[in-house]
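Taken in order, these protein sequences are the chains called A and B.
In this text, residue positions in the first sequence follow our numbering: the first is 3, and each later residue adds one.
In this text, residue positions in the second sequence follow our numbering: the first is 670, and each later residue adds one.
Hints are supplied without guarantee of correctness; some may be wrong.
Stated by the list, open to error - Cβ-Cβ distance ranges computed for the label pairs, FRET-style: (1) L135/A with E727/B: 34 to 40 Å; (2) V51/A with I674/B: 43 to 49 Å; (3) F470/A with S868/B: 29 to 35 Å; (4) G319/A with G799/B: 31 to 37 Å; (5) G799/B with T236/A: 31 to 37 Å; (6) A242/A with L731/B: 31 to 37 Å; (7) F300/A with I788/B: 34 to 40 Å; (8) P140/A with D937/B: 24 to 30 Å; (9) M198/A with R794/B: 54 to 60 Å; (10) G235/A with Q840/B: 40 to 46 Å; (11) R794/B with L317/A: 57 to 63 Å; (12) P140/A with R794/B: 46 to 52 Å.
What the hints assert, rightly or not - Covered stretches of chain B (chain A as the covering partner; in silico rule of three or more C-beta atoms under 8 Å from a C-beta of chain A): (13) 682-695; (14) 743-755; (15) 870-883; (16) 897-910.
For the record, the hints were derived by calculation from the structure and aren't laboratory data.
It should be emphasised that the depicted structure is a prediction, and the values quoted were computed from it without experimental measurement.
Using N, Cα and C, we set each Cβ at its ideal position, and we do this for glycine too.
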Amino acid sequence: MSTTAATVGTLADEHHHGPQAGLMRWLFTTNHKDIGTLYLLFSLLMFLVGGAMALVVRLELMHPGLQYVEPQFFNSMTTMHALIMIFGVVMPGAVGLANWMIPMMIGAPDMALPRLNNWSFWILPFAFSLLLLTLLLPGGGPAGGWTMYPPLMLQTQDAFPFVIFAVHLMGLSSVMGAINIIATIFNMRAPGMTFMKLPLFVWTWIITAFLLIAAMPVLAGAVTMLLTDRYFGTSFFNAAGGGDPVLFQHVFWFFGHPEVYILILPAFGIISQVIPTFSRKPLFGYTSMVYATAAIAFLSFFVWAHHMFTVGMPLTGELFFMYATMSIAVPTGVKIFNWIATMWRGSLTFETPMLFAVAFVVLFSIGGFSGLMLGITPADFQYHDTYFVVAHFHYVLVPGSIFALMAGAYLWLPKWTGHMYNETLGKLHFWLSFIFINVLFFPQHFLGLAGMPRRIPDYAVRFAEFNFISSLGAFAFGLSQLIFVYLVIQCVRGGQRATDQVWEGAEGLEWTLPSPPPYHSFTTAPVVR
Amino acid sequence: MLILIGMAVPATRVLIAMESTGNPDMQIKVTGYQWKWRYDYLDEGFGFFSSLAADSNEARQLRSGISPHTVPNYLLEVDEPLVVPVGKKIRFLTTASDVIHSWWVPALGWKRDAIPGFINSSWARIDEPGVYRGQCAELCGRDHAFMPIVLRAVEEQEYRDWVVQMQQKQQDSASEANQTFSLDELMARGEQVYTTNCSACHQAGGQGIPGAFPALAGSAIATGALQEHARKVLYGKAGTAMAAFGVQLSAAELAAVITYERNAWGNDQQLAEAAERMGQPADIAVQLAQGVP
Ligand SMILES: [Cu+2]
């Protein structure tokens, strides 16, 4: 260990090239922090766009009857909202955090493949412009749901090829990002930073990156088959031509279920950084956390059919997928237990990141329980495609993934900008978000149980009250997010200077760098003992 | 872990019972269409379509000005409900003709996808007479929200009477195929047929929805040769939302709706020279008998 310290110590930090000036800095940047910032800003922008679409949906659903939009436009709002939130917000948000934090956490100067990094970001604005512009085409945007099931998806008008191409671009971007992350972690760790010393955020990203590489090409294949069915006369999914519409669902969910974990594993990683920091204790059961994450990722490839129990599968298939689904509760339970055990008898303080993290643990567990209910096949026959499912996946995605991204942003904002954010505003943002997310999504459980199908623009009057409450929650939640936008701008522009360590309980290499850190994080590799 | 096993055991038992669709007392084939259901009573030899009730349909139009609260069973009422006897094990065979739908009556405790080219089977036995309501549960396009299910469970005797009545109706409509109707009769009937079957896409005023559904008012096809027009309606257009109505409607209904399209919205003023103004059921029957164009 001491010999490595000597050799790396001789590399002096001589040439100081900082960022280029102006727009070119952002267009051509190969710097992990600049690209991380781009990813995060893009994610925030898309969060507002996708959120506005969700508000169109909730506005129409506020009262029974059609008041504002045509059903077809409503359908394209739900479809686009999902595509944008998944591929434009949660994934780029998590990649942005990875870009910023992984090199600093493992003691590297930058990402391993900086040009690829630039490219994988700059594909995204094109992909999403393409997707959004389909709204202007004759026939409107895609309206067959983000799951794109044929034959309905094949009825999409002129938007069809553009949507497929946009999905290809998004997939390409995330696979390139994943390759970069794996290359970085495997090759650029500082001396002494063994795998079992990696911060949990890094671990969850290794596993997520492998999931991405395995899953995204499957999606690309599925949508390409849609494309050839439409334009080249193949009949992969056309029963009249000897194909099988259910085949698409199998292929799609073989991608789709791992995708769920692509969205949540980095969130687990963030929470595993935040909770120890504000409990002033190391993470409880580090090793079991790593194995639990790997187990979840592995199992995620064997449960896809629980998204499609109602298509009519053989009994043995239904039983297999039910048992496999229930077994995921075990590693997930391990994680929740470890987070609670970390807090147990810690000296806890509740700054904004910690508030979001605690809310994550509680609300994600609610989403986990409703997920377990859905995993039970005979129960799913009733709950499938209802608002119960809508409530379930929003509980794991909004107070799950989004709250975790928020927790991460609050945790690391002082490190990135060198300024403390406004804690009062942060807390206000948290409490409003926490209250209204529940007002928004909790009543949707009851709507589902009462028999309201999902993806409908209008409903029977018996569903009116809960829909009204849910819509109120949606508008309040949406508006509360503007506090965050304001807070970020304020924090970038100035504020109380942040120390290097920022938080009293913060541990890890990233907190040894100044706040804000130098342009090339570690030009001299630190030594980890 | 123990809790999970404690959940898995009863779940397995229930699932096995739910999938035991053997030995039914009767079978009903349920077919999803954009956007209505068809029920075929396989043992009794008749079938019918079931679409959203007219008052709900009127109220659900964008900014209709009609409050849903004033419409009885808003969006959960149909023109022709499914009727079944109580106490019988009924096997439901679900399939679809265009895109995937899902047949769901919450009170039965399950839903089953209706998939084109596939037949799924499920079963139910209803013990309490009454009206049970449900909806399509799988996104199936623009009017996914507007294809409800109404299931009326009645005592055996009432069910028998109803079956006889439906069989009679079916015969009546078959015999219509040989009758000749006046323009007024065809127009009146055609407007009804149009409203239930076509207006969801082509709109009540025939103006269509630009980019998605072509206008029929002033359309070259609706004002051109009768045979060409009829061909479009009978066989639809593969790969689009325009279904083959030749298999959905009776010859008389087809003649009526085609005649209606040729004369409504000022189309009668624009009819091509020498183009027929109206069609009769017999013309349609001949064209259908000739088979795929
Ligand atoms: Cu449907």
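Range hint 57 to 63 Å (beta carbons of R794/B and L317/A) holds or violated:
Given about 19 Å between the Cβ atoms, the range is violated.
8 Å C-beta criterion, at least three residues: is the stretch 743-755 of chain B covered by chain A:
With 3 residues closer than 8 Å to chain A, the stretch 743-755 of chain B meets the three-residue bar; holds.
With a Cβ-Cβ cutoff of 8 Å, does the stretch 897-910 of chain B contain at least three residues near chain A?
holds (count 3)
Given the range 34 to 40 Å, decide if the beta-carbon distance of F300/A to I788/B lies inside it.
holds (36 Å)
Status of the given 29 to 35 Å range, CB of S868/B versus CB of F470/A
holds (30 Å)
Indicate whether the distance between the beta carbons of G319/A and G799/B respects the range 31 to 37 Å.
holds (34 Å)
Coverage criterion applied to the stretch 870-883 of chain B (partner chain A; beta-carbon cut 8 Å; 3 residues):
holds (count 4)
Cβ separation of L135/A and E727/B, checked against the hinted range 34 to 40 Å
Between L135/A and E727/B, where Cβ atoms are some 35 Å apart, the hint holds.
If I claimed the Cβ atoms of V51/A and I674/B lie 43 to 49 Å apart, would that claim hold in this structure?
holds (45 Å)
Is it true that the C-beta distance of G799/B to T236/A lies inside 31 to 37 Å, as the hint says?
violated (48 Å)
Go ahead and decide if the range 46 to 52 Å is satisfied by the Cβ distance of P140/A to R794/B.
Check passed, 49 Å falls within 46 to 52 Å.
Pairwise beta carbon distance, P140/A to D937/B, judged against the given window 24 to 30 Å:
holds (29 Å)
Hints 5 and 11, counting from the list given before, are not met by this structure.
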